[in-house]
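With these hints in hand, go ahead and build the complete structure from the sequences.
Here's the letter readout for the chains.
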Amino acid sequence: MFGRLDWSAIPITQPIPMITSVVIILVILGALGLVTAKGWWPYLWREWITSVDHKRIGVMYVLLGVVMLIRGFADAIMMRTQQAMAIGGAQGYLEPEHYNQIFSAHGTIMIFFAAMPLVIGYMNFLVPLQLGVRDVAFPTLNSVSFWLTASGALLVNISLFVGEFARTGWLPYPPLSEGTYSPGVGVDYYLWAVQISGIGTLMTGINFVTTVLKMRCPGMSYLRMPMFTWTALASSLLIVAVFPILTATLAMLTLDRYFGFHFFTNEAGGNPMMFMNLIWAWGHPEVYILVLPAFGIFSEIFSTFSGKPLFGYRSMVAATLFICIVAMMTWLHHFFTMGAGAAVNTAFGISTSVIAVGTGVKIYNWIFTMYGGRVRMSVPMLWSMGFIFTFVIGGMTGVLLAVPPADFLTHNSMFLVAHFHNVIVGGVVFALFAGLEFWFPKAFGFRLNEGWGKAAFWFAFIGFWVTFTPLYILGMQGMTRRLQHVNIVEWAPMLQLSLVGVVILIAGAACQVIQLVVSILQRDKLRDTTGDPWDGRSLEWATPSPAPFFNFAVMPNVEGEEAYWGIKQRATEEQQLAPEPNYAPIEMPVNSAVGVYTAFFASVGGFALIWHIWWLAGLALVAAFIGFVVFAWRDVHEFEVPAEEVARIDRARRAARAAVLAQLAQAKGTAS
Amino acid sequence: MLGLGPLFLGGCSGGVLDPVGPVGANDAEILIDALLIMLGIVIPTILLAFWMAWRYRASNTKAKYLPNWSYSGRIEAVVWSIPILTIMFIGGVIWIGSYRLDPFKPLPSKVPPLEVQVVSLDWKWLFIYPQQGIATVNELVVPTGRPVHFKITSASVFNVFFVPRMGSMIYAMPGMVSQVHLQADKPADMFGVSAHFSGDGFSDMQFQVRSVPEADFAAWAQSAKGSSLALNGAAYAQLAKQSRNVQSYAYAAVDPQLFHSIAMMKTPPGPGPEPAGPGHAGREVSTVGRH
Amino acid sequence: MTDLSTFSTSREALLRRREEPVGHDPHAPREAVPGSGHGASGPASKRVIVGYGFWIFLLSDIVMFSCFFAAYAVLQGATAGGPSARDIVDLPRVGVETGALLLSSFTCGLSFAATNVRNKLWTQAFLAITALLGLIFVGLELQEFIELAMAGATPQRSAFLTAFYTLVGCHGLHVSVGGLWLATMMAQLQVKGFRPEIVHRLICFNLFWHALDIVWVGVFSIVYLMGATA
Numbered sequence: 001m002f003g004r005l006d007w008s009a010i011p012i013t014q015p016i017p018m019i020t021s022v023v024i025i026l027v028i029l030g031a032l033g034l035v036t037a038k039g040w041w042p043y044l045w046r047e048w049i050t051s052v053d054h055k056r057i058g059v060m061y062v063l064l065g066v067v068m069l070i071r072g073f074a075d076a077i078m079m080r081t082q083q084a085m086a087i088g089g090a091q092g093y094l095e096p097e098h099y100n101q102i103f104s105a106h107g108t109i110m111i112f113f114a115a116m117p118l119v120i121g122y123m124n125f126l127v128p129l130q131l132g133v134r135d136v137a138f139p140t141l142n143s144v145s146f147w148l149t150a151s152g153a154l155l156v157n158i159s160l161f162v163g164e165f166a167r168t169g170w171l172p173y174p175p176l177s178e179g180t181y182s183p184g185v186g187v188d189y190y191l192w193a194v195q196i197s198g199i200g201t202l203m204t205g206i207n208f209v210t211t212v213l214k215m216r217c218p219g220m221s222y223l224r225m226p227m228f229t230w231t232a233l234a235s236s237l238l239i240v241a242v243f244p245i246l247t248a249t250l251a252m253l254t255l256d257r258y259f260g261f262h263f264f265t266n267e268a269g270g271n272p273m274m275f276m277n278l279i280w281a282w283g284h285p286e287v288y289i290l291v292l293p294a295f296g297i298f299s300e301i302f303s304t305f306s307g308k309p310l311f312g313y314r315s316m317v318a319a320t321l322f323i324c325i326v327a328m329m330t331w332l333h334h335f336f337t338m339g340a341g342a343a344v345n346t347a348f349g350i351s352t353s354v355i356a357v358g359t360g361v362k363i364y365n366w367i368f369t370m371y372g373g374r375v376r377m378s379v380p381m382l383w384s385m386g387f388i389f390t391f392v393i394g395g396m397t398g399v400l401l402a403v404p405p406a407d408f409l410t411h412n413s414m415f416l417v418a419h420f421h422n423v424i425v426g427g428v429v430f431a432l433f434a435g436l437e438f439w440f441p442k443a444f445g446f447r448l449n450e451g452w453g454k455a456a457f458w459f460a461f462i463g464f465w466v467t468f469t470p471l472y473i474l475g476m477q478g479m480t481r482r483l484q485h486v487n488i489v490e491w492a493p494m495l496q497l498s499l500v501g502v503v504i505l506i507a508g509a510a511c512q513v514i515q516l517v518v519s520i521l522q523r524d525k526l527r528d529t530t531g532d533p534w535d536g537r538s539l540e541w542a543t544p545s546p547a548p549f550f551n552f553a554v555m556p557n558v559e560g561e562e563a564y565w566g567i568k569q570r571a572t573e574e575q576q577l578a579p580e581p582n583y584a585p586i587e588m589p590v591n592s593a594v595g596v597y598t599a600f601f602a603s604v605g606g607f608a609l610i611w612h613i614w615w616l617a618g619l620a621l622v623a624a625f626i627g628f629v630v631f632a633w634r635d636v637h638e639f640e641v642p643a644e645e646v647a648r649i650d651r652a653r654r655a656a657r658a659a660v661l662a663q664l665a666q667a668k669g670t671a672s
Numbered sequence: 001m002l003g004l005g006p007l008f009l010g011g012c013s014g015g016v017l018d019p020v021g022p023v024g025a026n027d028a029e030i031l032i033d034a035l036l037i038m039l040g041i042v043i044p045t046i047l048l049a050f051w052m053a054w055r056y057r058a059s060n061t062k063a064k065y066l067p068n069w070s071y072s073g074r075i076e077a078v079v080w081s082i083p084i085l086t087i088m089f090i091g092g093v094i095w096i097g098s099y100r101l102d103p104f105k106p107l108p109s110k111v112p113p114l115e116v117q118v119v120s121l122d123w124k125w126l127f128i129y130p131q132q133g134i135a136t137v138n139e140l141v142v143p144t145g146r147p148v149h150f151k152i153t154s155a156s157v158f159n160v161f162f163v164p165r166m167g168s169m170i171y172a173m174p175g176m177v178s179q180v181h182l183q184a185d186k187p188a189d190m191f192g193v194s195a196h197f198s199g200d201g202f203s204d205m206q207f208q209v210r211s212v213p214e215a216d217f218a219a220w221a222q223s224a225k226g227s228s229l230a231l232n233g234a235a236y237a238q239l240a241k242q243s244r245n246v247q248s249y250a251y252a253a254v255d256p257q258l259f260h261s262i263a264m265m266k267t268p269p270g271p272g273p274e275p276a277g278p279g280h281a282g283r284e285v286s287t288v289g290r291h
Numbered sequence: 001m002t003d004l005s006t007f008s009t010s011r012e013a014l015l016r017r018r019e020e021p022v023g024h025d026p027h028a029p030r031e032a033v034p035g036s037g038h039g040a041s042g043p044a045s046k047r048v049i050v051g052y053g054f055w056i057f058l059l060s061d062i063v064m065f066s067c068f069f070a071a072y073a074v075l076q077g078a079t080a081g082g083p084s085a086r087d088i089v090d091l092p093r094v095g096v097e098t099g100a101l102l103l104s105s106f107t108c109g110l111s112f113a114a115t116n117v118r119n120k121l122w123t124q125a126f127l128a129i130t131a132l133l134g135l136i137f138v139g140l141e142l143q144e145f146i147e148l149a150m151a152g153a154t155p156q157r158s159a160f161l162t163a164f165y166t167l168v169g170c171h172g173l174h175v176s177v178g179g180l181w182l183a184t185m186m187a188q189l190q191v192k193g194f195r196p197e198i199v200h201r202l203i204c205f206n207l208f209w210h211a212l213d214i215v216w217v218g219v220f221s222i223v224y225l226m227g228a229t230a
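Residue numbers (our numbering), protein chains in the order written: chain A, 1 to 672; chain B, 1 to 291; chain C, 1 to 230.
The set of hints was computed from the structure by calculation and includes no laboratory data. Please note that a few of the clues may not be correct.
To be verified - Result set (DSS-like, lysine-lysine): computed pairs, CA atoms no more than 30 angstroms apart in a straight line:
#	chain 1	residue 1	chain 2	residue 2
1	A	525	A	568
2	A	568	A	668
3	B	186	B	225
4	C	46	C	192
5	B	151	B	225
6	B	241	B	105
7	A	525	A	668
8	A	668	B	64
9	B	64	B	110
10	B	241	B	151
11	B	266	A	454
12	A	525	A	38
13	B	62	A	668
14	B	64	A	568
15	A	568	B	151
16	B	64	A	454
17	A	525	A	454
18	B	151	B	105
All values derive from a computational prediction rather than experimental measurement.
Put into C-alpha cells, the structure is as follows:
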C-alpha cells in the first residue's frame with residue numbers, strides 16, 4: 001500500500017537529522033501560522049505565489065537560493081568540523097553513513113538548489129528590464145520553472161527526516177549508485193529532485209533564449225544589449241544545449257535502478273565509463289552556466305562604478321560566445337585518469353586551457369574599464385576586486401589541473417576541492433553578493449547598509465582564503481577528497497586551520513544577515529527616491545525603485561550602447577526630461593496557479609516514485625495532466641491596464657527625475 | 001626546479017612534491033613548471049588590477065578622467081595575445097607531458113619490471129604478485145630501482161589506485177584492466193589511497209607501501225610464503241564481502257587465474273550492502289553491520 | 001483586420017499571404033518587418049515568439065535523443081550472450097510503422113493547410129487521420145516489444161537490449177504523449193475555434209509531429225536498417 005515506506009524510515013536513532021528536521025518543521029509551521037494569523041494568504045497568493053511577473057519570480061528564486069545556501073553552508077561546517085576532529089584514531093562525531101550523505105547533500109544543494117536558483121533569479125529579474133520590455137517570452141512557463149525548482153529543493157529536504165539522502169557524492173557515479181551498491185532510497189531522492197528541477201531549468205533556458213533573441217525594445221540591436229544580458233543569453237544557450245543530457249543520463253540511471261536495465265551496471269554488458277562521459281558532458285558546461293552571468297554582473301559593476309563604458313564591449317561579447325562554445329568541448333578533463341590515452345588527454349587538456357583565453361580577455365577588459373575612470377570603492381566594487389584576486393588564482397589552478405600529468409597527481413584530491421571552490425566562490429558567490437548590493441534597491445526601493453556590507457565582504461574574503469589555502473596544501477600532501485576520517489596525523493594542522501577559516505566565514509554570513517535586518521529597520525533613511533542610486537548605465541535604472549509591474553510605461557527607443565546613459569546625457573544637456581510620451585493602455589499577462597499546482601503534484605509524484613508507491617505516482621501524473629488541460633482551457637490570458645493608470649504611475653516617476661535634474665542644475669549653478 | 005616545491009608550500013614532505021621515482025618526479029616537475037608559467041602571468045595581472053583601481057580611485061583628482069574612452073586596438077591586441085601565447089606554451093607542456101607520462105607506457109629499464117596485479121574491493125586493496133605467487137591485502141612492497149608494472153581492476157565499484165610519492169594515479173574499474181608503470185628509486189615508507197569515493201568504508205582504503213632494496217624484497221616475498229592463508233575461490237569469496245579497516249596480511253598462495261577471472265567478471269563482483277528492510281525502511285545498511 | 005470566417009478553400013485563399021508577419025517579406029524592400037523580432041524593430045509578435053520558443057524546445061529534445069543514440073552506439077555490441085540487433089529486427093513490421101508515421105506527417109501537414117484557411121472540418125478530419133496513423137504506429141511498436149519480451153529478449157537481458165528498448169521506447173513515448181496532446185487539441189479546437197492561441201498551439205503541434213518523424217528516420221536507419229545488415 002505504501003511501497004517500501006513505513007515508520008522506521010524516520011531516523012529516530014540519529015540525533016542530528018532528527019533535531020534538524022524537528023527545528024525546520026517547527027519553523028515552517030510557525031511561519032505558516034503567522035501568515036494565517038495575520039491574514040496574509042490572499043496577498044501572498046495574489047502577489048507572489050501565482051505571480052507571473054519576472055521580477056517577483058526572480059525574487060522568489062533568490063529567496064529559495066539563499067535558504068538553500070544556508071543549508072549547504074551548514075553541511076560544509078559539519079564536514080570541516082568532522083575532518084578537523086577525526087584524525088589519527090579518532091572517529092569524529094559523524095559516522096561514515098551520515099558523513100557521506102552530508103557531503104553528497106552539500107554538493108547537490110550548492111549546485112542545483114543554491115547557485116542555479118540564485119543565478120536564474122538574477123537573470124529573471126534583470127533581463128526584461130535591461131531589454132526594455134515588459135516580461136519574458138513565456139511568463140507562465142517561468143512560474144512553472146520556479147515552482148518545479150522549489151519542488152526539487154523540497155524533496156531534498158524531506159530526505160532529512162524520511163529515509164536518507166544519496167551517499168554517492170553530488171554526481172552519482174555507477175556502479176556505486178546502482179541498485180546493487182546503493183539499494184536504499186538515497187539515490188532515488190537525488191534522481192527525482194534533480195530531474196524535476198532540471199525540467200524547470202530547461203524551460204528557463206528556452207524562455208530566456210527566446211526572450212533575448214525575439215523580444216527586445218525598438219532600437220536594441222544585439223550589439224546594443226548590456227553585457228549582463230549577453231551573458232544571460234550565453235548561459236541560456238548552454239542550458240538548452242546541455243540540460244537534456246542531464247535529463248537523459250539520470251533517466252538511464254533511474255531505469256537501471258527501477259527496472260533492472262543495464263546502462264551502467266557491472267553485469268550484462270553495462271558501461272559505467274559511459275556515465276562519466278555523459279554526466280560531465282553536462283557537468284562542465286553547467287559551471288559555465290553559473291559563471292557566465294557572474295561575469296556579466298561584474299561587467300555591469302565595473303563600468304558603473306568606474307563612471308565609464310565597459311572597455312572593449314565587442315571583445316567581451318566575442319569572449320563570452322567563445323567561452324560558451326568551447327565550454328562544451330572540455331568535459332574529459334574531469335577524468336584524465338580514466339586511461340583514455342595520451343592523444344585524447346592532450347586534445348582535452350588543450351581545449352580546457354583554451355578557455356582561459358576567453359576568461360583572460362575579460363579580466364583585462366575589466367581592468368582597462370577602470371583606466372581613466374573615477375573608481376568608487378563601494379561594496380559592489382569591493383566584491384569585484386576580491387573576485388579579480390580570487391578568481392584569477394582559481395583559474396590558474398584550473399589550468400594546472402588541465403595538464404594531464406599534473407592531474408595524475410591531483411585528481412580528486414583536496415587540491416581539486418580547493419580549485420573548484422576557488423572559482424565557484426570567487427566567481428559565482430562573490431558576483432551574487434556584489435549584485436545583491438547593486439540591485440537590491442531596484443527590487444525593494446531602499447539600499448543596503450554600507451558598513452555591514454563591507455564587514456561581510458572582508459570576513460568572506462579573508463575567511464575564504466583561510467579555509468581553502470590549507471586545502472591546496474593538503475592536496476599537495478596527498479590527501480584525497482571525501483574522507484570521513486583521516487589516518488595521517490601530519491595533516492591535522494592544515495585541517496584545523498581550515499576550520500578557523502570556516503569560523504571567519506560564519507562571521508561573514510552573520511554580517512550579511514545583520515546587514516539585511518539593519519537595512520530593513522533603516523529603510524526610510526536608505527530610500528532610493530530616484531530609481532538610479534548608482535548613476536547606472538543600462539535600462540533597468542530608468543525605472544523607479546521598485547519598478548512598476550509593467551516595467552516601462554512606454555517601451556524605450558534605444559539609440560546606442562548603454563541605452564540609459566544616452567537618455568541621461570541628453571536630459572542633462574537639455575536640462576529637461578524628454579517630452580511626456582503618449583500613454584496607451586498596456587496588456588499584461590494574468591496570474592496563474594498552474595505553477596504551484598504542477599509543482600505540488602510533482603513533489604507528491606516524486607515522493608511516491610522514491611518510495612515505490614505506484615498508485616500515488618499514477619494519481620499525481622493524472623492530476624498533473626488534468627491541471628495542464630484546465631490551464632490550457634482558460635479564455636483570459638491578459639488583462640488591460642488603462643492608460644490613465646499608466647500615466648499616473650509614470651508621472652510620479654517623471655516628477656522624481658525632474659527633481660534630480662533641478663538639483664543637478666542648482667549644483668552646477670552654484671559651482672560655476 | 002623541484003627544490004622550489006617544498007619551499008613554496010612548506011612542509012610538503014610525504015606528498016606529491018616529494019617523489020621517490022622518475023614518474024612522480026616528472027609529474028611534479030610538470031606541475032611546478034606549469035605553475036611558474038602561470039604565475040608569471042597571474043601575478044602581474046593581479047598587481048595591475050589593484051594598481052589600476054588605486055590610481056583611478058574617485059578621490060584621486062590627479063588621474064585623467066576619460067569618461068568616453070572604451071576602445072583601443074593596440075590594447076585589445078595585447079589583451080588577446082597574452083592569454084593566447086600563455087596557453088600555446090601550456091599546450092606544448094600538455095602535449096609533450098601527456099605522451100611522455102602516459103600511464104600505459106612502459107618505463108625504460110635494464111631490468112625487467114615487477115608485475116603486480118591490483119584489485120580494489122569494498123573497502124580494501126588486494127595485491128597479487130604473479131611472479132612470486134603470493135598476494136597481500138592492504139600492503140604493497142616494491143623493490144627499489146626496478147619499474148613496477150601494475151595491472152588494475154575492481155571487484156565492485158570505481159576506485160583509483162594512487163601512491164602519491166610514486167606518481168601517476170589511474171582508475172580501477174570493474175570489467176576493465178587499466179595499467180600504470182611506476183618506479184621507486186629509493187627506500188621509503190609511504191602510503192597509498194583510493195582517490196575515488198567508493199562507499200561507506202572509503203576512508204579505510206588507505207594502504208601501506210614500502211620500497212625496499214632488491215634483496216630485502218626477495219626476503220619479504222619469501223617470508224610471505226610462510227603465511228598460513230591461501231587465496232583460493234572460497235577465500236576470495238570471503239574477501240569480496242564488504243568489510244572495513246582491514247589490517248594488512250599476506251596469502252602464501254594465489255590462484256594464477258584469479259586476476260583475469262575477476263577482470264573478465266567470470267568471478268562475480270563483490271556483493272553490496274544489505275538492502276533497505278524492516279527496521280530501516282529506505283536506508284541501506286552495509287553488511288559490515290554498523291548502522 | 002480581415003474577417004477570417006469568410007475564407008474558403010479557394011485558390012486565392014490558399015495563396016493569400018499570412019496576416020501576421022513571420023520574417024521578411026520577399027517582395028518588399030530589404031528591411032526588418034515590425035513584429036518579426038529581427039534586428040532592432042522591437043519585440044516579435046506572439047506567433048513568432050511561440051513558434052520560436054517551441055522550436056528551441058525541439059532542439060533541446062533532439063539533444064536528449066542524441067544521448068540515447070550515443071548510448072545505443074556504445075552498447076550495440078554488449079549483447080551478453082543474448083540476441084543481437086540482427087536477431088530482433090523485423091523489417092516488414094518496421095516498414096509498416098515507418099509508412100504509417102510518415103503518412104501521418106503528411107496528413108498533419110494537410111490539417112495545417114486547412115488551419116491556414118480556417119476550415120474547421122478539414123482540420124479536424126486530417127488531425128483525426130493523423131491520430132489514427134499514430135495509434136497504428138504505437139500499436140505496432142508495442143506489439144513488437146511484447147513479442148520480443150515473450151521470446152526472452154527483455155531489456156534486462158543485456159545492455160544492448162536496454163539501449164534498444166530505451167531509444168525506440170523513448171520515441172514511442174513521445175508519439176504517445178503527442179497523441180494525447182493531439183486529442184486535447186482537437187477538443188479545444190472544436191469548442192473554441194481558431195482563436196490565435198489555438199492556432200499557435202497547432203503550429204507547435206505540427207513542429208512536434210514533424211520532428212518526431214525526423215527522429216524516427218534516425219531510429220529506423222541506425223537501429224533497424226544498420227542492425228539488420230550488421
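- [ ] Take a quick look at whether residue 46 (chain C) and residue 192 (chain C) sit within 30 angstroms of each other, Cα to Cα.
- [x] holds (19 angstroms)
Task: Restraint status (C-alpha distance of residue 525 (chain A) to residue 568 (chain A) at most 30 angstroms) - done: Given pair residue 525 (chain A), residue 568 (chain A) holds - Cα atoms ~25 angstroms apart, limit 30 angstroms.
- [ ] Assess, step by step, whether the Cα of residue 186 (chain B) is no farther than 30 angstroms from the Cα of residue 225 (chain B), and give holds or violated.
- [x] holds (25 angstroms)
Open item on the list: Between the alpha carbons of residue 568 (chain A) and residue 151 (chain B), is the straight-line distance 30 angstroms or under?
Closed with: Status violated; Cα separation ~70 angstroms.
Task: Proposed proximity, residue 105 (chain B) with residue 151 (chain B) (alpha carbon, max 30 angstroms) - done: holds (12 angstroms)
Task: Satisfaction of hint between residue 64 (chain B) and residue 668 (chain A), Cα-Cα up to 30 angstroms - done: holds (21 angstroms)
Open item on the list: With the threshold set at 30 angstroms, check whether the alpha-carbon distance from residue 525 (chain A) to residue 38 (chain A) stays at or below it.
Closed with: holds (27 angstroms)
Task: Pair hint outcome, residue 525 (chain A) versus residue 668 (chain A) [Cα-Cα no greater than 30 angstroms] - done: holds (26 angstroms)
Task: Restraint check for residue 64 (chain B) with residue 454 (chain A), where alpha carbons must lie at most 30 angstroms apart - done: At roughly 28 angstroms apart (the allowed maximum being 30 angstroms), residue 454 (chain A) and residue 64 (chain B) satisfy the hint.
- [ ] Mind checking the alpha carbons of residue 525 (chain A) and residue 454 (chain A) for me, to see if they're no more than 30 angstroms apart?
- [x] Holds - the C-alpha atoms of residue 454 (chain A) and residue 525 (chain A) are around 18 angstroms apart, at most 30 angstroms.
- [ ] Compare the distance between the alpha carbons of residue 266 (chain B) and residue 454 (chain A) with 30 angstroms, and conclude whether the hinted pair is satisfied.
- [x] It is violated: about 63 angstroms lies between the C-alpha atoms, which goes past 30 angstroms.
- [ ] Measure nothing beyond the straight line between the CA atoms of residue 64 (chain B) and residue 568 (chain A); if it is 30 angstroms or shorter, mark the hint as holding.
- [x] Given that 30 angstroms is the threshold and the Cα spacing comes to 23 angstroms, the pair holds.
The structure shown violates the earlier hints numbered 6, 9, 11 and 15.
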